[in-house]
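2 protein chains.
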Amino acid sequence: MRFTITHTDTNSLARVGEINTAHGAINTPCFMPVGTQASVKTLTNSLVEEQGAEIILANTYHLYLRPGHNIIAQLGGLHQFMRWQKPILTDSGGFQIYSLASLRKVTPAGVFFQSHIDGSSHLLSPELAIEAQCAFGVDIMMCLDECTPYPATSEQAEQSLTLTAQWAKRCKEAKGENPNALFGIVQGGMYPDLRRKSVASLLEIGFDGYALGGLSVGEPKELMKEMVETAAPMLPADKPRYLMGVGFPADIVHAVGNGIDMFDCVIPTRCARNGLLFTNEGNIAIGSSRYLKDKNPLDNTCDCYTCRNFSRAYLRHLYVSGEITAMVLNTIHNLRFYMRLMEGIRTAIKTGAFAELSNKFTQK
Amino acid sequence: MRFTITHTDTNSLARVGEINTAHGAINTPCFMPVGTQASVKTLTNSLVEEQGAEIILANTYHLYLRPGHNIIAQLGGLHQFMRWQKPILTDSGGFQIYSLASLRKVTPAGVFFQSHIDGSSHLLSPELAIEAQCAFGVDIMMCLDECTPYPATSEQAEQSLTLTAQWAKRCKEAKGENPNALFGIVQGGMYPDLRRKSVASLLEIGFDGYALGGLSVGEPKELMKEMVETAAPMLPADKPRYLMGVGFPADIVHAVGNGIDMFDCVIPTRCARNGLLFTNEGNIAIGSSRYLKDKNPLDNTCDCYTCRNFSRAYLRHLYVSGEITAMVLNTIHNLRFYMRLMEGIRTAIKTGAFAELSNKFTQK
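Respectively, the protein sequence lines represent chains A and L. Following my numbering, the numbering of the first sequence begins with 482 at its first residue and continues without gaps. Following my numbering, the numbering of the second sequence begins with 482 at its first residue and continues without gaps.
Careful, some of the hints might be misleading.
What the hints assert, rightly or not - Derived coverage of chain A by chain L (criterion: at least 3 residues anywhere in the stretch with Cβ under 8 Å from a Cβ of chain L; other residues may be distant):
id, segment
1, 521 to 531
2, 558 to 568
3, 785 to 792
Don't read these hints as lab results, they were simulated from the structure. Just so it is clear, CB atoms sit at the ideal spot from N, CA and C, and this is done for glycine as well.
The following block holds chain A by itself, in its conformation from the complex (with noise of 0.2 Å):
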């Protein structure tokens, strides 16, 4: 993996640049679509692509638990598997097991936890999540972490950073030969010091990339705003860096402004499904009986297929009727929305007009 910034915002520290992998280049900023079960949800890979993904996010503990990673790897890795030729990134697992499922217990050894799926009891550690990564096959592998809650105390976040920078070490040793790339996790709760100390720690060992964890996890919007200002410029400026599991638009914009280079979210995905719908003008909730008669597009400078083609009366009535069809139209949407935002702002950093842009968002 190769990564060469092609220019810096001279207002923010907002910089585009391309990350080169075995499976294509990844312009950056970027959005990553997330595909937990190797499909984003209600889409074919082509549709996918058609919205302008460059690269997608999986996810370790679902395709560790299933299929598993033994059978993915026999049936050619994760590219083949899913016939996405692109690059892909998945996360260790951390945040699932922390956020889906039961009776987890960390020790130093790894998390014990039991599967959502079928209760059935599982160890994953540090070496444990690289092999799986490693039989996925996929360009981009994270290091287990442990998610640190919010709140936590300053003794909890430091634990929580002290057994993540032991865990990456392992990782990074697991990883061997290997020749994808492996990205550190940045944990340290709403603590600069501990957030500086475990760049230190992550950096000592040495990363491909390096991505801000812990964040989106409960904590105030402006907390979190203030975590990402203070620890993203802490992530080396030479490196990807990666701000996890963030968010909407304007938290986007924000974060790129204090160097961020990818992201990933279930946002325009999950909120596809449920009807809601970003626009340039705002956000629709395509069930509101306003849209009954709405000959518009959901967002008339939209050139998604479901923008050139349908009605917000249309897709109203598909929504309200329970069709599937309308998920999948809605998910075209908000992941084409989703693209022309990392566009646009690709865009304005090269042009000099990031700071523009960055005020309208922040006056929304």
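Given chain A, put chain L in place with the hints provided.
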């Protein structure tokens, strides 16, 4: 609407033809994917068209209740509303009242029923059924009929066909100068003489096409086939003959051999959502663990997006994981399977190979 027969089979009543409508041509024998609520479940229109569909069926009952025919008319008619530019046929609503609505009461005036959505009370009269379908602006409308249940005594069946004939007359009158086509529906239960009587009463009124209703309503398969063999040849040869709500591939091949030109059925789409997939080598229950590591496509001979790209192992994974994308990919395949079936039937009739094709299905 014009109907031209271009080929007739020498060994059976099968024929190839073309129905020409204001929205384009339909090659017959044809299969109409069901788009109950103005969308073929799980698919975008592009995907429906890509599978080869030349006409779809929508349900008057559903669209009358939601969003309402007046709203669809205000939005430019059903083609414009759902952005499907090829022909559309709507049923009259009679069958859905029979199968979905509660507290229905059939009177000479029409059918009183309560909506399955909100319990509201409605009277669907022959005039209203036509008013709604005219408002939709569909290419082919169907007369309101009373679907005779199975089993029914000959008295019940006769009563039902008499009412259906009276309603058919009122439908024809209600249509007035509307240029779109109107088909009559033959009832008569499982009684050949009553089927003959029903046909005679419809012929007296005169329609653009004739449908066999009241089949595939719970009767044994052999009885359905017997009734198709008996009743299909009673329908005038120079008009399209439509067997409503049928069926499995073998049922379709059998009915084509008895002179049927048009079919609709939820089987390909519903089975797809439930993981039952059709192939030339037999059906596949994709959830089965036997496909866990199966690298083969569903059907080696199929040219659909799903078969061109994905393994059974991947499709099984998506299905058992409850991914909506599984429903989309499965529906693409099953619909394409049906479209290829119809293409194969038409080619076989044209090339004198229909008897051979028919034998294959009989042996299966």
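Against chain L, does the segment 558 to 568 of chain A show at least 3 residues with beta-carbon separation below 8 Å?
Since three or more residues must qualify, the claim that chain L covers the segment 558 to 568 of chain A holds, with 3 doing so at under 8 Å.
Establish whether the coverage given for the segment 521 to 531 of chain A by chain L is satisfied; the threshold is a Cβ-Cβ distance below 8 Å, and no fewer than three residues must meet it.
holds (count 7)
How does the segment 785 to 792 of chain A fare against chain L when you require at least three residues with a CB closer than 8 Å, holds or violated?
holds (count 4)
Every hint, counting from the list given before, is met by this structure.
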